[in-house]
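Peer 1: What follows is each chain in one-letter form.
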Amino acid sequence: MSELAQLMRQYDVLGGFWMTIKLTVVSALGSLILGVIVVIMRISPVKAFQLFGKGYVNVIRNTPLTVIVTFCALAFYNVLAWRLAGPDARSSVQLFWWGVVALSVYHSTFVAEGIRSGINTVPPGQAEAARSIGLTFGQTLSQVILPQAVRGSVTPLGNTLIALTKNTTVVSAIGVAEASYVMKNMIEFSPNFIYAIFILMALGFVILTLPVGMLVSWASTKLAVQR
Amino acid sequence: MAAFIPEDTGPLVHDIGETILELSHVEKHFGELHVLQDINLTVARGEVVVVLGPSGSGKSTLCRTINRLETIDSGTITIDGTELPSEGKALARLRAEVGMVFQSFNLFAHKTILENVMLGPVKVRKRPRAEAEKSARELLERVGVANQASKYPAQLSGGQQQRVAIARSLAMDPQIMLFDEPTSALDPEMVQEVLDVMVSLARGGMTMIVVTHEMGFARKAANRVVFMSDGMIVEKSDPETFFTNPTSDRAKDFLGKILH
Ligand SMILES: Nc1ncnc2c1ncn2[C@@H]1O[C@H](COP(=O)(O)OP(=O)(O)OP(=O)(O)O)[C@@H](O)[C@H]1O
Ligand SMILES: [Mg+2]
Numbered sequence: 001m002s003e004l005a006q007l008m009r010q011y012d013v014l015g016g017f018w019m020t021i022k023l024t025v026v027s028a029l030g031s032l033i034l035g036v037i038v039v040i041m042r043i044s045p046v047k048a049f050q051l052f053g054k055g056y057v058n059v060i061r062n063t064p065l066t067v068i069v070t071f072c073a074l075a076f077y078n079v080l081a082w083r084l085a086g087p088d089a090r091s092s093v094q095l096f097w098w099g100v101v102a103l104s105v106y107h108s109t110f111v112a113e114g115i116r117s118g119i120n121t122v123p124p125g126q127a128e129a130a131r132s133i134g135l136t137f138g139q140t141l142s143q144v145i146l147p148q149a150v151r152g153s154v155t156p157l158g159n160t161l162i163a164l165t166k167n168t169t170v171v172s173a174i175g176v177a178e179a180s181y182v183m184k185n186m187i188e189f190s191p192n193f194i195y196a197i198f199i200l201m202a203l204g205f206v207i208l209t210l211p212v213g214m215l216v217s218w219a220s221t222k223l224a225v226q227r
Numbered sequence: 228m229a230a231f232i233p234e235d236t237g238p239l240v241h242d243i244g245e246t247i248l249e250l251s252h253v254e255k256h257f258g259e260l261h262v263l264q265d266i267n268l269t270v271a272r273g274e275v276v277v278v279l280g281p282s283g284s285g286k287s288t289l290c291r292t293i294n295r296l297e298t299i300d301s302g303t304i305t306i307d308g309t310e311l312p313s314e315g316k317a318l319a320r321l322r323a324e325v326g327m328v329f330q331s332f333n334l335f336a337h338k339t340i341l342e343n344v345m346l347g348p349v350k351v352r353k354r355p356r357a358e359a360e361k362s363a364r365e366l367l368e369r370v371g372v373a374n375q376a377s378k379y380p381a382q383l384s385g386g387q388q389q390r391v392a393i394a395r396s397l398a399m400d401p402q403i404m405l406f407d408e409p410t411s412a413l414d415p416e417m418v419q420e421v422l423d424v425m426v427s428l429a430r431g432g433m434t435m436i437v438v439t440h441e442m443g444f445a446r447k448a449a450n451r452v453v454f455m456s457d458g459m460i461v462e463k464s465d466p467e468t469f470f471t472n473p474t475s476d477r478a479k480d481f482l483g484k485i486l487h
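Residue numbers (my numbering), protein chains in the order written: chain A, 1 to 227; chain B, 228 to 487.
No lab work stands behind these hints, which were simulated from the structure alone.
Remember, it's a predicted structure, so these values are computed and weren't measured experimentally.
Treat each hint with caution, since some may be false.
As the list claims (entries may be wrong) - Taking lysine-lysine and the PhoX-like style, the derived pairs with C-alpha atoms no more than 20 Å apart in a straight line are:
#, chain 1, residue 1, chain 2, residue 2
1, B, LYS361, B, LYS350
2, B, LYS378, A, LYS222
3, B, LYS316, A, LYS47
4, A, LYS222, B, LYS338
5, B, LYS463, B, LYS447
6, B, LYS350, B, LYS338
Claimed, not checked - Estimated spans, in silico, between C-beta atoms of each pair:
#, chain 1, residue 1, chain 2, residue 2, range
7, B, THR305, A, PHE49, 22 to 32 Å
8, B, THR305, A, PRO211, 55 to 65 Å
9, B, ARG320, A, ILE37, 19 to 29 Å
10, B, ALA412, A, LEU215, 31 to 41 Å
11, B, ARG320, A, PHE49, 15 to 25 Å
12, B, LEU260, A, PRO123, 15 to 25 Å
13, B, SER282, A, THR66, 34 to 44 Å
14, A, LEU203, B, SER411, 56 to 66 Å
15, A, THR121, B, ILE485, 34 to 44 Å
16, B, PHE257, A, PHE49, 19 to 29 Å
The beta-carbon is built from N, C-alpha and C at its ideal position, and this holds for glycine as well.
Using the sequences plus the hints, can you model the full thing?
Peer 2: Printed below as a string of structure tokens:
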């Protein structure tokens, strides 16, 4: 235990996890917004939107996250020099935002698929009844379909959030100092503490993800729709 | 409209007005299957048309094309002088004028009975909530489920759910009501309570197109019977003529099977 305390003093472990949390929260919001847009395209009556949504999901979901992250950093930031955080921000801030973009784009496909599987649990008669009383496509979605789809989406969305939390470690590849980046430093400079370092990291991520899992199982019972 | 009085089962009297619905040369395929073939049908305001026919003859599809839950390949469907729009807001507006009651009720499972009935008036007709709630409660009273207003659909019997579904459609003040086998999913003891509501609607002058196997309803409430077979309208006549003196062999065959 004294080893853990010493490591905490020597390295910015809390700072690393704070960065992990920031990446997770911001990317979760980003992927939720993107994912909702994509899923609306996929179920919209417009053929071109459906095809675009389907293509987006299939291409992005099947590309390794590392590739997307490095592509964003190299192509968009290094080569094209698009400065997301404004022209004056430091490189570490720019890379943080490119990391967020990559994580959001990648996980939005899982969000879209998660919501779609929730939508598939809603019987088609619900949408037909909604349309037959004159609700528009948007009203049918927001008043009838999505409220009932939430229940079926909670579990896949929770799993995506847990995966996202752990996948933030990938952006250490472009130098964002999140938890696993700090861990690599620790292992390099204090290799004799390897077990302690490992326990520290595992514990940190479990503390972050465990509540999500608990929230998900609570929510899916709470939101049950009787049929 | 007249209040619903179950005992009142005297002869049906109501006025039939000008044309409100016209289907002209309507064609539809499901892949290879020619499910609607040259359908021509004119329905007058206040008319009650019962659609009969063997399973798979296209009765549900016909019903569903009228509010465009199914698209058609060619032909025209005109409601109150307006041709059915193909998509978007105009279609939604027209659908509000055409109520539909489904075999499987399709009440919104996450909303209470009262909310089910209020949703359309509030969201589509933009009526104030208080006013919409008042009329919703009156409608629920009329179909005999006022005391269930705060329950969820799954807590009601099938017959009650179907009566709520009728109230939900009526809340939109539709010009036409479509019924697709509204009593087929019900336990026998609940069929009558739903038919009673439908008879009272017919009596009140509602224009109705009803797909049903309930011959009693057809005899009591229909102005006209349309008999379909293999995607075609084979016979159109008044109920008495149809039941006692059908002209086509297919109708005779069908009646022989269901009337024993
Ligand atoms: N969405 C669909 N896709 C393909 N075929 C369909 C579809 N809906 C219906 N059909 C077919 O079209 C034909 C007519 O169906 P429809 O449901 O209109 O018949 P129906 O007269 O209502 O029969 P029932 O008395 O059994 O309800 C049937 O052969 C059916 O299998
Ligand atoms: Mg049918």
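Peer 1: Confirm or reject each hint.
Peer 2: Hint by hint, here is what the structure shows:
For the proposed pair B/LYS361 and B/LYS350, the alpha carbon gap of about 16 Å is at most 20 Å, so the pair holds. This hinted pair checks out: B/LYS378 and A/LYS222 have alpha carbons roughly 17 Å apart, not beyond 20 Å. Annotation: proposed proximity of B/LYS316 to A/LYS47 holds, straight-line Cα distance about 18 Å (limit 20 Å). About 15 Å separates the Cα atoms of A/LYS222 and B/LYS338, which keeps this hinted pair within 20 Å; it holds.
Distance check on the hinted pair: B/LYS463 and B/LYS447 sit about 17 Å apart at the alpha-carbon level, within 20 Å; holds. Under the criterion of a C-alpha separation no larger than 20 Å, the hint pairing B/LYS350 with B/LYS338 is consistent with the structure, at around 14 Å. For the pair B/THR305 and A/PHE49, the supplied restraint of 22 to 32 Å holds, since their beta-carbon distance comes to about 30 Å. With their beta carbons about 59 Å apart, B/THR305 and A/PRO211 fall inside the hinted range of 55 to 65 Å.
Between B/ARG320 and A/ILE37 the beta carbon distance is about 26 Å. The supplied range of 19 to 29 Å therefore holds. Taken as a hint, the range 31 to 41 Å holds for the pair B/ALA412 and A/LEU215, whose Cβ atoms sit roughly 38 Å apart. Remark: the range hint 15 to 25 Å for B/ARG320 to A/PHE49 is upheld by a beta-carbon distance near 23 Å. As the Cβ distance of B/LEU260 to A/PRO123 is approximately 24 Å, the hint placing it in 15 to 25 Å holds.
Judged by the Cβ atoms, the range 34 to 44 Å given for B/SER282 and A/THR66 is violated: they are separated by roughly 57 Å. Range check, A/LEU203 to B/SER411: Cβ separation about 60 Å, and the 56 to 66 Å hint holds. The hinted range of 34 to 44 Å is satisfied by A/THR121 and B/ILE485, whose Cβ atoms lie roughly 37 Å apart. Against the hinted window of 19 to 29 Å, the Cβ-Cβ separation of B/PHE257 and A/PHE49 comes to about 24 Å, which satisfies the hint.
The structure is inconsistent with hint 13 alone, although it conforms to all the rest.
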